[in-house]
Amino acid sequence: MDYKNIESAKYTFENESIFCVIGGANPVSVTVPMATDNTDYIEIMRQVDAGELTIEPADGE
Amino acid sequence: MADLTIKPQAGSGNKLIIQDQAGNARVTTSDAGIDIPAVTGNLTVAGQIIPSSPLSHRNMIINGGMQVAQRGTVTDSTSRYAGPDRYTSFIAAAGTWEHSQHDMTSAELNTTGFSNAYKMKCTVANASIGATGYAILGQRLEAQNLQHLKWGTASAKDMTLSFWVKSSKTGTHVIQLFHDESTGYNSIAYTIAVANTWEYKTMTFSGHPSIAINNDNGSGFRIYFWLDAGSNYKSGTLTNNTWHTTVANRAAGQVTLADTVNNEFYLTGVQLELGSNATPFEHRSYGEELARCQRYFYNIFHGTTSNLYFASHHHSGAGNVGWQVFNVPFPVPMRTLATLTHSMTNAKHAGSQQPGAGTDTWTYYVQNQGYSSVHGNGNASNLGGSGIDKASIGTYYMSPSNTNASHLVIGSGTTFTFSAEL
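Residue numbers (my numbering), protein chains in the order written: chain A, 1 to 61; chain B, 1 to 422.
Since the hints were made in silico from the structure, they are not lab data. Watch out, some of these pointers could steer you wrong.
[To be verified] Here are the computed lysine-lysine pairs in the DSSO-like style, where the Cα-Cα straight-line distance is at most 30 Å: (1) B:K121 with B:K157; (2) A:K4 with B:K121; (3) B:K390 with A:K4.
[Claimed, not checked] Derived DEER-like restraints, expressed as beta-carbon distance ranges: (4) B:G275 with A:T36: 31 to 39 Å; (5) A:V21 with B:S56: 43 to 51 Å; (6) B:D216 with A:D49: 50 to 58 Å.
For every residue, glycine included, the Cβ atom is placed at its ideal position computed from N, Cα and C.
Model the full assembly from the supplied sequences, consistent with the hints where possible.
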């Protein structure tokens, strides 16, 4: 996962995962499950704790 | 019956030689004091062979022969998984590198016995990387597969690393273990004697006597192949095969591969095994190696250039806003719940097809988390759920423009991968 190009992050419906839009040369959409042994989730939470990333709340249905 | 002891005369180079009746040497010890005889000719053992290290599944490295490369070629200036599977780069302020699976020439195959290698090529140089800069190629090993090493006990096992390497730079290169359960390093330097020439290296690392490896699905330790290092990592003194916690000693002496564009580093035949001796590489089939890799990364388009069709769990009517959920079964259970990465957009996405009708184009209304998510977020439904053996992927608020939908098609030009890397 291209952590340096995260353009937005938002909790998904029912807060089961985090949906990220990744920019850069090869834009992709990434869905990261909120599993504590998923290393992408660990890195995203590290960025949140460091104040480098804000995760938007999930929209209502 | 008393023991019969035969030994060579004292002195270096004196051997114990057992001859046949014709006077030919049949068993020769390697040297005085070494208890491994070199046998000339066939060896028949009437009893069992009882080795102290395993005869199969010796190699703790996955994809040591670099056969599997689901990600293809990637160029980046930061740390990431790229090139052949299971290997990750650790790069910070040390130029930009192209990661790829190198196809060996016939001459290279003849020399090494391998058809592929990991290739790192410097595309943007940094001739004076800062103190905190580094360029490393490494692999993380899953902790629960390393319990037989007995780290953290008085019986901690040695292990031997062997590999083929080719570098643009001669001189000192460093291999370093990184204990993931603590701050612990163990480095061994090796020398590239001739630039751009394949060389075979072996080295033996001591097990960590006091810090155990957790018995879980996390990373137990990492193997680092250093390519370049800032002064924070190389300003100290490297003492081979010594566990320590001094950052400055980790890569002391390492040459600077990031200083010139087109510098290259090739690696293959990586084997890490129990014991103090390197044995011949344990070649595994492509299928075996692919399955091991897919525990950590699965590219649904690996090995195919066709569109992929999925049956879905909901039928959306023509012109109606609807949703669908489809399951992607994984070839092997993944290490943990996986991250889904895709490149599908409204202009480059799945189509749908009603039997008898032409391929249609969906319109995806990117609401909520977007059009897809792992764990069965097909609107309010959770059909099948997700786990380490499959993902249920829900589309969100899409509308077939002029026909009913029966299934989903993911175009072959898209990215669609699952990652549960360490």
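Do the hints match the structure? See the list:
Straight-line distance between C-alpha atoms of K121 of chain B and K157 of chain B comes to about 35 Å, which puts the hinted pair past the 30 Å bound. Our distance criterion of 30 Å between C-alpha atoms is met by K4 of chain A and K121 of chain B, whose separation comes to about 21 Å. A threshold of 30 Å between alpha carbons decides the hint, and for K390 of chain B with K4 of chain A the separation of about 28 Å falls inside it, so the pair holds. Range check, G275 of chain B to T36 of chain A: about 35 Å between beta-carbon atoms, so the 31 to 39 Å window is met.
Under the hint 43 to 51 Å, the C-beta atoms of V21 of chain A and S56 of chain B, about 46 Å apart, fit the expected range. For the pair D216 of chain B and D49 of chain A, the supplied restraint of 50 to 58 Å is violated, since their beta-carbon distance comes to about 22 Å.
Checked against the numbered hints given earlier, the structure breaks hints 1 and 6 and satisfies all the rest.
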